[in-house]
Amino acid sequence: MTTAQHPLLQLLNRTSLVLQIAIGLVAGIALALLLPEAAASVSFLGTVFVSALKAVAPVLVFVLVAASIANHQQGQQTHIKPILLLYLVGTFGAALIAVAASFAFPSSLTLVSNSAELSPPGGISEVLKTLLLNVVDNPINALLKGNFIGILAWAIALGFALRHASPSSKQMLADLSNAVTSIVKLVIRLAPLGVFGLVAATLAESGMSALLDYLHLLLVLVGCMLFVALVSNPAIVYFKTRRNPYPLVLTCLRESGLTAFFTRSSAANIPVNLQLCQRLGLHEETYSVSIPLGATINMAGAAITITVLTLAAVHTLGIAVDLPTALLLSLLASISACGASGVAGGSLLLIPLACSLFGIPNDVAMQVVAVGFIIGIVQDSAETALNSSTDVLFTAAACIAEEQRG
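Under my numbering, the first residue of the sequence shown is numbered 18, with each subsequent residue one higher.
It is possible that some hints are incorrect.
[Claimed, not checked] Below are the DSS-like pairs computed for lysine-lysine, each with C-alpha atoms no more than 27 Å apart in a straight line:
#1 Lys71 to Lys146
#2 Lys202 to Lys187
#3 Lys202 to Lys162
#4 Lys98 to Lys146
#5 Lys187 to Lys98
#6 Lys71 to Lys202
#7 Lys146 to Lys202
#8 Lys146 to Lys162
[To be verified] Have a look at the derived ranges for each label pair, beta carbon to beta carbon:
#9 Thr342 to Leu149: 40 to 48 Å
#10 Pro123 to Ile157: 47 to 55 Å
#11 Met189 to Ala57: 19 to 27 Å
#12 Ser142 to Gly335: 39 to 47 Å
#13 Val381 to Thr147: 19 to 27 Å
#14 Leu247 to Leu50: 26 to 34 Å
#15 Leu145 to Asn379: 43 to 51 Å
#16 Leu149 to Thr32: 17 to 25 Å
#17 Leu145 to Ala55: 19 to 27 Å
#18 Lys146 to Val395: 42 to 50 Å
#19 Val381 to Ser68: 19 to 27 Å
#20 Gly376 to Leu193: 36 to 44 Å
Read the hints as simulated data drawn from the structure, not as lab findings. As the structure is a prediction and not an experimental result, all values here were calculated from the model. For each residue, glycine too, the CB sits at the ideal point set by N, CA and C.
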């Protein structure tokens with residue numbers, strides 16, 4: 018005998034999550050415009066949602082990866098190598114597109130007098146060193162700090178070690194993975210309320226007036242990201258799968274990019290991406306590793322941000338740039354973007370590293386970072402949406418291509 022559901026619960030179950038998020042978005046905008054004081058007071062809804070996602074993501078990744086590897090059956094194929102190649106090609110391609118757009122539509126900055134008191138990395142070796150240290154981090158510390166490189170390393174090692182465990186131990190790990198996944202589904206159902214709180218609070222506190230002075234710069238940044246999302250990435254997917262890429266591209270943007278845009282956190286969006294991969298019917302052994310790995314190294318949006326802001330500083334200071342230097346900047350931005358998650362402050366703090374390529378002093382470069390924080394309300398959101406949706410897109414493309422080949 019089944020228990021009758023409340024009509025409101027029935028309506029929620031019949032309505033798609035994307036539509037609920039869209040309703041939350043519109044409601045948040047309306048509240049911020051009509052009652053800004055009330056909008057600021059609902060910010061805790063967004064904070065709770067993002068905090069819940071960030072809390073569950075490290076545990077989910079650790080348990081899911083370990084369970085997938087421990088229960089992996091001999092003969093089953095995983096597709097990590099082609100996905101890694103797609104990640105690298107996509108990131109480098111995004112940097113090249115950003116260079117081309119910066120030359121075609123040069124931006125100028127009004128450099129601010131007070132730069133953020135932050136410590137950028139001293140060189141590319143420091144970025145790579147940070148990544149390596151993250152790999153060998155203490156597993157408890159990695160879980161506490163959300164260090165996904167360290168979490169992946171320990172989960173993979175534990176998974177391989179448990180391959181020789183008893184069937185009951187493997188089953189317990191699989192049951193734990195299913196239990197954590199159930200908790201994640203519950204958290205994701207709160208997305209409409211979370212988006213409502215995030216949008217209302219952001220518009221009430223920041224508004225859009227601070228962005229008008231940097232409208233041209235924002236248009237170049239967001240234009241590059243849209244070009245990558247709607248032209249470059251689909252071209253890569255078509256080359257890989259030889260089929261119309263846009264149904265998959267639009268699904269990833271709608272169901273992953275939309276949430277990532279408002280959470281502004283690749284780590285917080287990992288549970289959303291894992292759920293999307295499951296709905297797309299992809300291999301769990303593949304996406305359980307590629308999604309958290311992509312949240313760390315697949316950074317097309319970060320490569321665009323580093324490149325565009327660096328070349329804006331170069332143009333403002335009147336520094337001449339030749340083609341070899343521009344190509345070197347693309348390569349440096351791609352490598353730096355892959356290490357962005359290993360540096361506090363993300364992609365913006367890697368701008369001084371790129372500026373050093375043109376001899377720009379560190380104090381001036383940090384002023385460019387401060388500009389980045391001013392436009393971060395849009396830049397960071399668009400960057401995260403591109404990065405996160407591309408993780409699912411390239412994972413799905415690699416799985417589809419391997420199925421066609423088989």
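Hint by hint, here is what the structure shows:
no.	hint	verdict
1	Lys71 to Lys146	25 Å, holds
2	Lys202 to Lys187	23 Å, holds
3	Lys202 to Lys162	23 Å, holds
4	Lys98 to Lys146	23 Å, holds
5	Lys187 to Lys98	26 Å, holds
6	Lys71 to Lys202	14 Å, holds
7	Lys146 to Lys202	36 Å, violated
8	Lys146 to Lys162	18 Å, holds
9	Thr342 to Leu149: 40 to 48 Å	28 Å, violated
10	Pro123 to Ile157: 47 to 55 Å	48 Å, holds
11	Met189 to Ala57: 19 to 27 Å	46 Å, violated
12	Ser142 to Gly335: 39 to 47 Å	30 Å, violated
13	Val381 to Thr147: 19 to 27 Å	24 Å, holds
14	Leu247 to Leu50: 26 to 34 Å	29 Å, holds
15	Leu145 to Asn379: 43 to 51 Å	20 Å, violated
16	Leu149 to Thr32: 17 to 25 Å	46 Å, violated
17	Leu145 to Ala55: 19 to 27 Å	47 Å, violated
18	Lys146 to Val395: 42 to 50 Å	32 Å, violated
19	Val381 to Ser68: 19 to 27 Å	36 Å, violated
20	Gly376 to Leu193: 36 to 44 Å	53 Å, violated
Hint compliance for this structure: hints 7, 9, 11, 12, 15, 16, 17, 18, 19, 20 are broken, all remaining hints hold.
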